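*Asks:* Chains as they are written, first to last, in our numbering: chain G, 1 to 561; chain W, 1 to 294.
A hint or two may mislead.
Claimed, not checked - Quick list of in silico lysine-lysine cross-link-like pairs, PhoX-like style, CA-CA up to 20 Å:
(1) W/K279 <-> G/K383
(2) G/K162 <-> G/K183
(3) G/K476 <-> G/K343
(4) G/K32 <-> G/K348
(5) G/K32 <-> G/K188
(6) G/K521 <-> G/K62
(7) W/K265 <-> W/K279
(8) G/K188 <-> G/K148
(9) G/K476 <-> G/K345
(10) G/K148 <-> W/K105
(11) W/K261 <-> G/K521
(12) G/K397 <-> W/K279
Hints are computed from structural coordinates only; laboratory data are not their basis. All values derive from a computational prediction rather than experimental measurement.
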Amino acid sequence: MKKTRNLFLMVALVSAAAALSAQGLDPVLLTKPATDSWPTYSGDYSGRRFSPLTQINQTNIKNLSLAWVNHLTPGPGAAGPFARRGTENPPTIVGGEIEEAVPVRGAGRISGAVLQVNGILYVSVPDNAWAVDARDGSVLWHYYWKTKGGTHIGNRGMGMYKDWLYFETPDDYLVSLDAKTGKERWHKVISDFNEQYFSTIAPIVIGNHLLVGTADDLDAPGFLQSFDPETGELQWKWYSEPEKMGDPGSETWPNLDSMRHGGAGTWVPGSYDAQLHLYYFGTANPTPAFSGATREGDNLYTSSIVALNVDTGKLAWAFQPSPHDTHDWDAAQTPVIVDGEFKGKPRKLLLDASRNGYFFVLDRVTGEHLLTVPYADSLNWSKGIDKAGRPVRDPEKDASPGGALVSPDSDGIVNWQPPTYDPQTGLFYVSTDEMYSVYYRTEPNVRALQGLNGIQEQRVGSIGKYITAIDYKTGKIAWRHLQVSAGEGSGNSGLTTTAGKLLFGGDANGNLVAYDPANGKPLWHTHLGLVSNAVETYMLDGRQYILAASGDSLYAFALNF
Amino acid sequence: MHRVKIVFFTLLGLTAAAFAAQQPPVSGPAQQPGAIQASPPAATPPAPRVAPPPAYPVRPPADPALVARGKQIFSANCSFCHGSDARGGEGGPNLIRSQLVLDDKDGELIATVVQNGRPDRGMPKFDLTTEQISTIAAFVHSMPVGGRAATTGTVDPLVGDAKAGEAYFNGAGKCSTCHSVSGDLAGIGARYPDPRALQGAIVSGERRGELSEISRKTVTVTLRTGQTVQGRLDQIDDFLVSLTDDNGNYHSYPRHGDYPKVVVKDPLQPHLDMLRTFKDDDIHNLTAYLVTLK
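Turn these sequences into a full structure, and let the hints steer you where they fit.
*Replies:* Following this line, the structure appears as structure tokens:
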């Protein structure tokens, strides 16, 4: 025991010295899987959420316990009750273009990535960003943006380039902060507030590109923009729909008007293959979301997985998990990049558990479809799989006056919560909820449907919530672990695996749990209240930390001897 | 679209009151498994829900006379191309959500287009005064724009056949094995004024949820000593099971794999099982039948 402690101390001293000399985040480091930091949304570009760290493992997980906790208080003048003791609370830096913020509700939930770079955590919720000392949780600075409004549904985290941070606001600004001080460098408009856009996604830094998405629940088109991270200048802009009739994909729309108002926001960060220079992500639903009457056709590239050349913003290929989506499912899930065997051949693969309940394996070089399988038992909206590997929608299951009983509900079998892939087991893990809804169309005039409205959705029961492990080579379910609860329990959880043979996730009752990735057996847990982000892990001072969030609180765990 | 995945069972807004007002079930032989338990609204109404502030600015309502006048002028001049509801036609785009209309305040931007036309897109210019165009603007702006705005539809959800529903109730649906139209379901049609709420209750078995005070699952815990404890299930996960027994005492036990032995009974399990096989027509017919039980 004593030996271990001394070793820890030595490692701590060495890495503390390293931390002092380190400056910012070199974007080149993002191309290598990091173990001492969590520098981008998924930890690295692969979307695998697999950490090679083994200090915490199946043998010693029983000793995992709290290192620190902090509650973050959003708003104009609060640095949090646990801010550095003995000194003044760090002042809140206030930004925004209006005199007084428009009141909003429920904006304090940490439901995205927390970055960890050089021992500092960078945390965000809508309109708020913090720097937090990763060693004890104390707040170093707090930035608050006075909002004009917009849908305050969540903030999926920040992006970092050198000493600069980037985050989006619900009223459609991209704000760049100095990571050392929290002071604003600049902010700029990324989409039109008057058109009812709102912006939540974590910006992704790739080389000298800052990829920024936005979304709209009315019907304005989705797009992804690439900015110069130094100057904020626009490099390229890719629209989720073809821009004019005659362009490839426009044949899947009845006319220009429907195509231009086809929705398909870009709100879940993607993955990146540095060799292919391709950025992969899923687009959101077409609009109107629950009726296809005014948008006959497949509606490309809504509810699609797309591959964009990161230097030009040009589409390399697209695959559509939900052609002509009429249930607001989106294809917005994190695509996972895996190099592995498929049917005996080594391939560059992309794995995606789509919200519509189907699991897809694609060749990520060409977009060639390799496998489509349902990964939930409850699905009842499809008439089969077409030649291109896409589920065929059953029009009988569209929202109707009398109501259509459909699984999944509009949240999907999984929503944004990221899956994980563990190369040690070869399994893909995703949190699943087999919920049924009755979808009613309540608006008599199908032309009057806008965005998400014109319907009522009635959730009538889930036949099971699980952590589901999928063998991507066959599409077979390797195991499922039931998330029991007395009531209906919470929805899905983001997942993370480690080389310590651990799978971390939140259960339906508010436990943070470490499972055995081989069989789903729970090995360790602690009750935090609903885990609202996906677990992250990194080494700091020779100690491996497990970081989880529940609501407005951040929890760090480590082996405490 | 993305949203917070907090599951709660909205058997539509209209039933929220009915649910919140529910009384705990009366135990005893009269209580059938899976009984639908809606009760008439109680004397104390539930706390009103506070509406969230609008995410986007809402236009103040215009003078109805102005809107009516604008509708007339629109109808005469614009509807041929843009549709009588301004949501687009063969020739012209949907105006309700056009960016220019969204940015327009009082017709000032619309006037530029109307008075000059858009020859490149085949729109002629119109000889309308600024005042007339501002009434058109009032009409177009009077229609709500929003992707999350609640709609109160007037579509009749009763599309089923009551006779077929009755046959299903007593036959293939096996509803009558647990329920009786003169017993637990007597007057169910009157208890749910909204047929959609009634249908939701039918399909779900009126499931527990945040809006319900009732958690009707029961549990039997068998300890290592062989002693058993029974009661209403309060909480269960992989690590803990807790219950309240008939005397109102709370019990909580750590779970270690198979110990203690835990058996949960969900009286609504048949309803969950039916979700996999229910046909929409059967659901609609059942609703059409049960709505007649006033």
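*Asks:* If you test the structure against every hint from before, which numbers come out violated?
*Replies:* 5 and 7
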